[in-house]
Amino acid sequence: MIRVQQAPFDSGEEQRQLWAARRDIGAVVCFTGLVRDFNERPDVTALTLEHYPGMTEAALEQIVAEAESRWPLQGVRLIHRVGCLTPGEPIVMVAVASAHRRAAFEACDFIMDYLKTRAPFWKKEESMTGGYWVSERESDHRDAQRWAGPIAEQEATGRKSDNDDSP
Numbered sequence: 001m002i003r004v005q006q007a008p009f010d011s012g013e014e015q016r017q018l019w020a021a022r023r024d025i026g027a028v029v030c031f032t033g034l035v036r037d038f039n040e041r042p043d044v045t046a047l048t049l050e051h052y053p054g055m056t057e058a059a060l061e062q063i064v065a066e067a068e069s070r071w072p073l074q075g076v077r078l079i080h081r082v083g084c085l086t087p088g089e090p091i092v093m094v095a096v097a098s099a100h101r102r103a104a105f106e107a108c109d110f111i112m113d114y115l116k117t118r119a120p121f122w123k124k125e126e127s128m129t130g131g132y133w134v135s136e137r138e139s140d141h142r143d144a145q146r147w148a149g150p151i152a153e154q155e156a157t158g159r160k161s162d163n164d165d166s167p
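Count the sequence shown with UniProt numbering and you get residues 1 to 167, in order.
Just so you know, these hints were derived from the structure itself, not from any lab.
One should not assume that every hint holds.
Label-pair restraints from in silico Cβ distances [stated by the list, open to error]:
(1) 61 x 148: 18 to 26 Å
(2) 99 x 36: 31 to 39 Å
(3) 136 x 11: 23 to 31 Å
Remember, it's a predicted structure, so these values are computed and weren't measured experimentally.
All residues carry an ideal CB built from backbone N, CA and C; glycine is no exception.
All chains, full assembly: derive it from the sequences and hints.
Written out as structure tokens, the structure reads:
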């Protein structure tokens, strides 16, 4: 389940809905991102998130599908807010269910890393001194890069590549 919305959400309720009436789920990992009162400037008063309807949802669906192809998941809930938010409000929630904790932790981390680097959202922060567009962070791209390539694939799936002769 993927939603892009202006309305607030309840992370606890979203998690309960994820595992409701399920007995095959052994772990749920949930990440909730909040608006901070500091970022590029120390006095953030608001954050406006913009997106490209249709394109954004498609990008999020692709990210979740990739996570589902890498890890044995029983469910994913991804909610991302748009519009004007103030410090302390939730922006994003990713909840991942699996039979085992490791898959849930890794898939949740993967989804957030790719969301930060591949999903078409634009952020404008407001501060006491005016508004400004938030720049991409190199650290977000470095975080996402760790999921690329055959070593990351082997770690995610537990399978060795054809070129790996190690025991």
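Against the structure, the hints:
no.: 1; hint: 61 x 148: 18 to 26 Å; verdict: holds (20 Å)
no.: 2; hint: 99 x 36: 31 to 39 Å; verdict: holds (34 Å)
no.: 3; hint: 136 x 11: 23 to 31 Å; verdict: holds (26 Å)
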